[in-house]
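*Asks:* Each chain is listed here by its residues.
4 protein chains.
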Amino acid sequence: MNSQAKIFEIGKNRIEALSDGIFAIVMTLLILEIHVPKLSPDSPNVEVAPALIALWPKFVSYLVTFVSLGFFWVGHHIMYHAIRRADRTILWLNIFFFMFVSLLPFSTSLLNAFPQAFIAPLFFGANLAVIGWILFFQWSYVNSQPDMLADFVSAEYRKTVSARMLLVPVATTLTAVFCFWSVGISLVIYLLLLPLYMLPGKLAGAKAQRFKPAS
Amino acid sequence: MNSQAKIFEIGKNRIEALSDGIFAIVMTLLILEIHVPKLSPDSPNVEVAPALIALWPKFVSYLVTFVSLGFFWVGHHIMYHAIRRADRTILWLNIFFFMFVSLLPFSTSLLNAFPQAFIAPLFFGANLAVIGWILFFQWSYVNSQPDMLADFVSAEYRKTVSARMLLVPVATTLTAVFCFWSVGISLVIYLLLLPLYMLPGKLAGAKAQRFKPAS
Amino acid sequence: MNSQAKIFEIGKNRIEALSDGIFAIVMTLLILEIHVPKLSPDSPNVEVAPALIALWPKFVSYLVTFVSLGFFWVGHHIMYHAIRRADRTILWLNIFFFMFVSLLPFSTSLLNAFPQAFIAPLFFGANLAVIGWILFFQWSYVNSQPDMLADFVSAEYRKTVSARMLLVPVATTLTAVFCFWSVGISLVIYLLLLPLYMLPGKLAGAKAQRFKPAS
Amino acid sequence: MNSQAKIFEIGKNRIEALSDGIFAIVMTLLILEIHVPKLSPDSPNVEVAPALIALWPKFVSYLVTFVSLGFFWVGHHIMYHAIRRADRTILWLNIFFFMFVSLLPFSTSLLNAFPQAFIAPLFFGANLAVIGWILFFQWSYVNSQPDMLADFVSAEYRKTVSARMLLVPVATTLTAVFCFWSVGISLVIYLLLLPLYMLPGKLAGAKAQRFKPAS
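Residue numbers (numbering that gives the first Met the number 0), protein chains in the order written: chain A, 0 to 214; chain B, 0 to 214; chain C, 0 to 214; chain D, 0 to 214.
Among the clues, some could well be false.
[What the hints assert, rightly or not] Okay, derived cross-link-like pairs now, EDC-like style, lysine to aspartate or glutamate, Cα gap no bigger than 16 Å in a straight line: (1) D/Lys11 x D/Asp86; (2) D/Lys37 x A/Glu32; (3) A/Lys57 x A/Asp146; (4) C/Lys37 x D/Glu32; (5) C/Lys57 x C/Glu32; (6) A/Lys11 x A/Asp146; (7) B/Lys57 x B/Glu32; (8) B/Lys37 x C/Glu32; (9) B/Lys11 x B/Asp146; (10) D/Lys57 x D/Glu32; (11) A/Lys57 x A/Glu32; (12) A/Lys37 x B/Glu32.
Just so you know, the hints here were simulated from the structure itself, not pulled from any lab data.
Between the sequences and the hints, there should be enough to build the whole structure, so can you do that?
*Replies:* Listed below in structure tokens is the structure:
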């Protein structure tokens, strides 16, 4: 690596700092989507309570978006844990990754505003899918540049992470596609597929164990 | 710890970075709840001053929420100071912790909007209580996994932190429960219990001293 | 320092992280105070340009608040550069410091909304003054606990920083007090005093040089 | 470096932390500019879809602003990678840099609001240009203070970074100037010049190679 290369070397710690900042802000901006019911300030409990309960679809979309952001943040973190250094390609993939992460409050807002129009869950699902695919492309690119990976990364580690990185975009793409047929079924698929992402630690570990010599 | 475990190892420094970001944003978003009085731009002082003073309940809830966030941030920090590494369970407990921290601006807004309806302080108190309980569950989980704790953590240290971690959820749960009876009494309980949290450093230290051999 | 003390030891790096987050957010929230002129989307240039120019007082208050935040951030940074460790007192002084920093967007908004009412610049000036005084009290407290200061901090260093830390609260208190007499004169005092804060590096250095043996 | 100098020494890591925070927030605030179409909640797909498509100019300005912020963030990062330490001059240039970065959501909002008035793209272009120039002045200042640069920075490295740092302000100034003639042409120039910034890594490397002895 000559001195010219160093000019364009981007410290991975600053990408992580920008990432943590963006995730923190998007997570907290989501709540601005949920407005206090428009009732007079002296409304009694019997009026306020039902108005609050009627907000439940917004709380559901808050939960779904927050948990999805959680998945993306964990995925981004796992990837950068395995990366030794960043380059300009990975940097710009990140900028576009952040662009679609920052779009999520709009997509959630759209989902809340128009429950009858299937364009709303389609837009939301497509947003999640694009975020997932950019994350997967980042990992694929890093995988094709072995000197970008940390020393502890083995071939089997790469396979396990690849499988995990593919799960979210596939789940969200299926969700977006099934929207054309039924929004309800689409949401059920998403909610069933995501927990898979939380669990594969043991599955992947077990599978990898079979291929590993005792040590 | 084999290489598979490392895949799912989440650096505690990134959880801390996300946490600091979320607390910073929620703390600063709170002020957006307080709107400048709606008067014409050429209003004289005799009109603006009383309108500003009439905002006092909003300033009180700003103070209460800000200080509560301070307690949670300190609690989170003390816990992570004692943790050596994070795992997936602790990570997802954190995501849910952040979800309820980010909900606080909404709860505060509700509290400001409907002073007559007890559902408002109940919702606010319940929000604080859930944040406190998740923090306590995190600590309980870490306590059950001794290899997750830093070397300097003694049995007596764990007991002291456990007692402290339990104080906030108990205080906020009591607050939320007493709401059914009287909102005023509920707030007084909260404001009396919280300062206990600021002080126990010396009490706990004194108590621990008795059990410690001279050194 | 026994193990009990460590429970309540707050890493200064996390206070710095929270501080940088809060300053970054308050600085960027300020612009939300300036709204695009309310004109129809097909307004020609001759209508938009004057409406934009008429916003100049808001741009002035944006500049003043942003630069003031710059001073407080620099002041906070210089102080923490000289601090070895934090304790609970310093932590809670910080939480209150952040509470008044986060209040600034409201104070700026008030200043923009009511140019005729002297309560507006008084509130704004008082807000700046309180921030400055809390910063000064933090420094005074740290100064009274010599084991909290870093090794490189000499008696003369402490005097120089004390003088600098006192300048902002004095300037802002004078500003707030002169508001009762004339808002214009009050602003002029503030704008004249602040640049002193930018320059004393050389003055202080020169003065200190006289007392220092050649080395 | 005597102890007086140290008082005013600002750690470059805290400037980087403030910078990452401000970029993260401005990037995420941009989406607040795009509002969900104002239609009744039970609007069918045939009404929502066209209303969403009609938002395309806002998505274009979101993309342009986001990518521009990406360029500035990368430029700021490259510069601080080459800087050993900050001083008060560089610190205050940064505060003004942040002031104009934080202004961008307003400029984007103006661009979206008044497509007919050339003052809008002029203001937007001027905002980008000022950000770029402040970044260039920072680099020029650092270049004139060789002890502020890291050891690995060679004369040729400085030339390459200088050329890169000059590209964005020149591109944005041309954009702003051409606005007087045609907004369309102005945007085309900007979109053609920016990709140059993404590519010069290889060009600069190739050119530098010619002057370098084989090693």
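*Asks:* Against this structure, judge whether each hint is valid.
*Replies:* Evaluation of the provided hints:
With a C-alpha separation of about 9 Å, the suggested pair lysine 11 of chain D and aspartate 86 of chain D falls inside the 16 Å cut-off, and the hint holds. With a CA separation close to 15 Å, the supplied pair lysine 37 of chain D and glutamate 32 of chain A stays within the 16 Å bound. In summary, the hint linking lysine 57 of chain A to aspartate 146 of chain A is not supported, as the alpha carbons are separated by about 45 Å, beyond the 16 Å threshold. The suggested pairing of lysine 37 of chain C with glutamate 32 of chain D holds, with an alpha-carbon distance near 15 Å, which does not exceed 16 Å.
Restraint check for lysine 57 of chain C and glutamate 32 of chain C: satisfied, since their Cα atoms lie roughly 8 Å apart, inside the 16 Å limit. For the hint linking lysine 11 of chain A to aspartate 146 of chain A, the alpha-carbon distance of about 14 Å falls within 16 Å, and the restraint holds. Only pairs whose Cα atoms come within 16 Å are accepted, and lysine 57 of chain B paired with glutamate 32 of chain B is accepted, the gap being roughly 8 Å. Restraint check: the Cα-Cα separation between lysine 37 of chain B and glutamate 32 of chain C comes to about 15 Å, which is no more than 16 Å; the hinted pair holds.
Distance hint between lysine 11 of chain B and aspartate 146 of chain B is fulfilled; the C-alpha atoms sit about 14 Å from each other, no more than 16 Å. Of the pairs offered as hints, the one joining lysine 57 of chain D and glutamate 32 of chain D holds, with about 8 Å between alpha carbons and a cut-off of 16 Å not exceeded. With a CA separation close to 8 Å, the supplied pair lysine 57 of chain A and glutamate 32 of chain A stays within the 16 Å bound. Restraint check for lysine 37 of chain A and glutamate 32 of chain B: satisfied, since their Cα atoms lie roughly 15 Å apart, inside the 16 Å limit.
When held up to the earlier numbered hints, the structure conflicts with hint 3 and nothing else.
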